[in-house]
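Following the hints, complete the assembly by docking chains G and V onto the known chain A.
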Amino acid sequence: MIANIVFWAVALLTAGSSIFVVTSRNILHAAFGLCLTFLGVAGIYVLLHADFVAAVQLIVYVGGILVLIMFAVMFSSNVVEDTAEKGRSKLAMAAGGGAALAIFGAIVLIGVRLTGPKLDGVFTGPLATANVNALTPFAFTIDGTAYGLGHYLMGQYLLPFEVVSVLLLAALIGAVVIVRKELN
Amino acid sequence: MFEFAKGPDGLSNYLILAALLFACGIFAMISRRNAVGILMGVELILNAAGINFVAFARFGHDKVGGNQLDGQIFTLFIIVLAAAEAAVALALVLAVFQTHRTISLDEVDEMQM
Amino acid sequence: MPTSIETVHICTALATGILLIPLAAFAVILFFGKHLDKKADKIATMAMFVSFCLSIALFTMSVSVKGVTAASDPIVYSFSWITLGSVDLQMGFLIDSLSSFMCMVVTGLASLVLIYSMFYMDGDTMYRRYFGFMCFFCFAMLGIVLSNNLLMTYVFWELVGLGSYFLIGFWFYKPPVAKDHHYQELKASYATGIDERMLSPAHAQKKAFVMNRIGDFGFAIGIGIFFTVMLTAAKMPGNQKYDWTHGPLNFTTLYDAVRVHHVFDQVTLLGMSGTTLLTLAGMFTFMGAMGKSAQFPLHTWLPDAMQGPTTGSSIIHAATMVAAGVYMTARISPLLTNGSLFFVAIIGGITAFLAATMALVQWDIKAVLAYSTISQLGYMMIALGAGAYTAGIAHLYTHAIFKCMLFLCAGSVIHACHHLQDMNRFGGLRKKMPITHLAMLVGTLAISGVPFFSGFYSKDAILAGSLARAMEMGGLHWIPFVLGVVTAGLTTFYMFRLIFMTFYGEPRDKEIYDHAHESPALATVPLMVLATLCLGFWWSGHLIGGDIVPMPGVSVTTTQFEAKGEEVEVADVKKGWLDAYMISPSTVLPRTAEGTAHPPEAAELEEEHHRHHKAHLMATGLSLLMVLLGLGTAFLMYIKRAVNPDNLLKIAPLSLAYSLFSQLWFFDRLYQDGIVPAFKVFNNACSWFDSKVVDATVDSTATVVKIWSRGAATVDNWVVDKMVDAFGWVTWIFGAIARSLQVGRIQFYVCVTFGVAALLLIGIMLAFP
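Heads up: the sequence lines are chains A, G and V, in that order.
Residue numbers for the first sequence follow my numbering, beginning at 1 and rising by one.
Residue numbers for the second sequence follow my numbering, beginning at 185 and rising by one.
Residue numbers for the third sequence follow my numbering, beginning at 298 and rising by one.
So here's chain A without its partners, still in its complex pose (with noise of 0.2 Å):
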């Protein structure tokens, strides 16, 4: 029962939160918004489980992207007169609200197909061969995921690990090679 409250809980702050993030007029507090969703979200995966991604969650999102995101803001707007959009045209929102119902609408509409119709009291999709809902969570443990997460990055995705560590030092030269200021 608690554990039902509280995934409401975090459910209910994370999307509205999120509405708040893409209705907000002012950057800034959009920023602060996005705050609460990341922190939603990592809520969602302590719910489901997945301690140490929830860590790494408030870590990088939290604590770095956010963080560089309220710099760039900062950085680049007068926050008192620009952070204030000077109101989105009602086109781009229409146009915005639209995708966003549609794809809102396909997704849906791709989990009802892929629970499959209800026969019986059984669902038929190929997700669900009984209800999406009896899914088996896998078994707890008591020592996190971290150990787990750990071997299989050090073993089976051990080549996209070290990809990613390219990837990311590639990224961290191309963006001070980006913002660097001429030296003439």
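Take the hints with a grain of salt, since some may be wrong.
Not the full set, but computed from the structure, chain A residues with beta-carbon under 7 Å of chain G [what the hints assert, rightly or not]:
| no. | residue |
| --- | --- |
| 1 | A15 |
| 2 | S18 |
| 3 | L34 |
| 4 | L36 |
| 5 | I44 |
| 6 | L48 |
| 7 | A50 |
| 8 | V60 |
| 9 | I65 |
| 10 | V67 |
| 11 | A92 |
| 12 | G96 |
| 13 | I107 |
| 14 | L109 |
| 15 | G111 |
| 16 | L149 |
Stretch by stretch, here's where chain G covers chain A in the computed footprint (C-beta under 8 Å, at least three residues) [what the hints assert, rightly or not]:
| no. | segment |
| --- | --- |
| 17 | 22–31 |
| 18 | 156–169 |
Source of the hints: derived by calculation from the structure; they are not laboratory data.
A virtual CB, placed ideally from N, CA and C, is assigned to each residue, including glycine.
Frame of chain A, contents of chains G and V only:
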């Protein structure tokens, strides 16, 4: 047809939430003028994808094969890529700001015909 | 006697130095001339002197290594130059006494001439360029001297031609002599048949170049024959083992292939083979020498070459240009058959005689020397044609030294007399210019063949060789000998005429006499050095050997004749430096009727030796007689005035001869008014054919093409172009549509992308429930 689970133990709840985040991201990307705002939309989309991966790893690992941590590893990679992307994108934003004194994409339109 | 590999390396290094140091000096003067300015003369002289020292080292090296007794292989170094399939054309050095001694002569004389030039060319506007050209000229000549194959010889042969072109036309800006008022004043006393309208340095250099090209054309054909024959023979089954494809034109390879393996008997070219083909090849190759060494009938360029600086003439006449022809003929001498030898000898004889007669009537001091050079070159050819190669080459060396000196003396006189060259206005100069006078006298005695002067030995050897040949072969072979003997007298006469008119008697032009003065030490020291060398008894005898001429110093009493591996000992024949290294004429001759050499028998050698002995005595006697005759006549005519030359002209035959000689036997007239107009007629005919026939054909073809093109253009404009345009229009329309979508806003694209994706998904979902 479609049933919500009552609490945290249902896959569909998470998928709906992720779809909502995704749609919000799309909306931001399309409607925002501010480059940083668009970047926020992108981050929302990435988060939606991450939620999906973890949720499927939690509930669907025995239906699609693979081990129970694969989805989480994908999410980790997504976070890393998001970080890299954010760094580069924000660097671009700063570079654009340095040259144009604005980051409103409406006004940064040299490439437009 | 085999030569150690170290010796080969040292000799090769020395030869490389000798060859490249003058070139380096030329390059330095060419590229840094402006910075060097007057210092260019020092650089050139130093380079030449270093090269001379290396030449001495090379000569002594080869002497000490080889020993004077050895008639063995020369030192050869060669490397691949051009590889054509399996054929390998090489470059390299052939170092024997012939080449190493010639190096000494070239570089030594050039050093002295360069020292002299510091005085003579002083104040010239192109002072440093002159020294650069001299270095280049000597480099080219040294290339010929050291070359080990016909092709490399040909390359440097042409470079020598270029060098002579530079030097003869050195004062290219000078107008033709006919425009010179100074010349017009003196015109009456000139008695040349050269077309004086043309007589300018620029024309002279062209003339020299063109005349040489005629000879070089033959040379190229000769090389071609040798090349073809060698390559054809090399492919034959029996010859595979000889490795003739590597350096087929190398002298040593050629000697071996022609003399030992008789390639010319194996190959048929243009329906000829054997002796006929070899004779033809030899004659064509000799044509190159005829051009370079100014032999009849290509001799006309040499007198004109006097238009260059006197010092340049000196080196051209002595060591570099004209010597190249004789040198090359000596190099190919082992390849010459009896037929080609006779050709060489008869050309030489005619040249010697004709040029001597021309020299008799010249008034220009340089012109006398020029014709004298031609005559002496003819002498050398007589010797080469008689198989007396050592005599010919020895005369090349001795002549180089005394002719070089004579020219420098003439330069000294000309300089002293305000650039006058007319002997009619000289006279009595010996009091004013004692050193020049003495040097010139020594040179004259040497060229006349007076005993104890260098020319005596070589000249006697030539006449002796020619006489021996005539005695052996008989018939027409007497012609070169007779011409040679007559020329000996003529030579003495015209040289003493020059001396008497210039240095003796009363001054004919008081003003010039008063202003005349002896040249400074820069000029007289080289003259004295050369005069010492003309006192030939201490060295020139060594060149030839033989038992007639008494000579101190190095000589040996035995030698070996080597042919087909057999060795024949001949006692009591003294051999000179040249004999030791050159392939002796005795191994070339006699040939059998088929033109193949056979090893000389002891008895034959004994007989030949005897014949030479006899010939030598006779030739010496005859030559001395002719010298006395010439000297006496000159003395009577120009000192004692017992016979007035003008009176002689009243005798009809002599008058006729005089006009013949003074018109240079009408050779220049023939070329200028006969051959050149004939060629012009031919050229005009060719031009007419080209413009009227060939051009008309081409034009009519063009017209047809033009009409065809017009039709094609119409089709192109109205059919093809419209089709292409239609494609363009279609593309443009699509482009306009597509462009309207390209608004340039990323959001628009995102919106469309996701909108379409979503609609697609929804559509699919609804369509396939």
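Going through the hints against the structure:
{"no.": "1", "hint": "A15", "verdict": "holds, 5 Å"}
{"no.": "2", "hint": "S18", "verdict": "holds, 4 Å"}
{"no.": "3", "hint": "L34", "verdict": "holds, 5 Å"}
{"no.": "4", "hint": "L36", "verdict": "violated, 12 Å"}
{"no.": "5", "hint": "I44", "verdict": "holds, 6 Å"}
{"no.": "6", "hint": "L48", "verdict": "holds, 5 Å"}
{"no.": "7", "hint": "A50", "verdict": "holds, 5 Å"}
{"no.": "8", "hint": "V60", "verdict": "holds, 5 Å"}
{"no.": "9", "hint": "I65", "verdict": "holds, 5 Å"}
{"no.": "10", "hint": "V67", "verdict": "violated, 10 Å"}
{"no.": "11", "hint": "A92", "verdict": "holds, 5 Å"}
{"no.": "12", "hint": "G96", "verdict": "holds, 3 Å"}
{"no.": "13", "hint": "I107", "verdict": "holds, 4 Å"}
{"no.": "14", "hint": "L109", "verdict": "violated, 10 Å"}
{"no.": "15", "hint": "G111", "verdict": "holds, 5 Å"}
{"no.": "16", "hint": "L149", "verdict": "holds, 6 Å"}
{"no.": "17", "hint": "22–31", "verdict": "holds (count 4)"}
{"no.": "18", "hint": "156–169", "verdict": "holds (count 5)"}
Figure legend: structure checked against the earlier numbered hints; hints not met, in rising order: 4, 10, 14.
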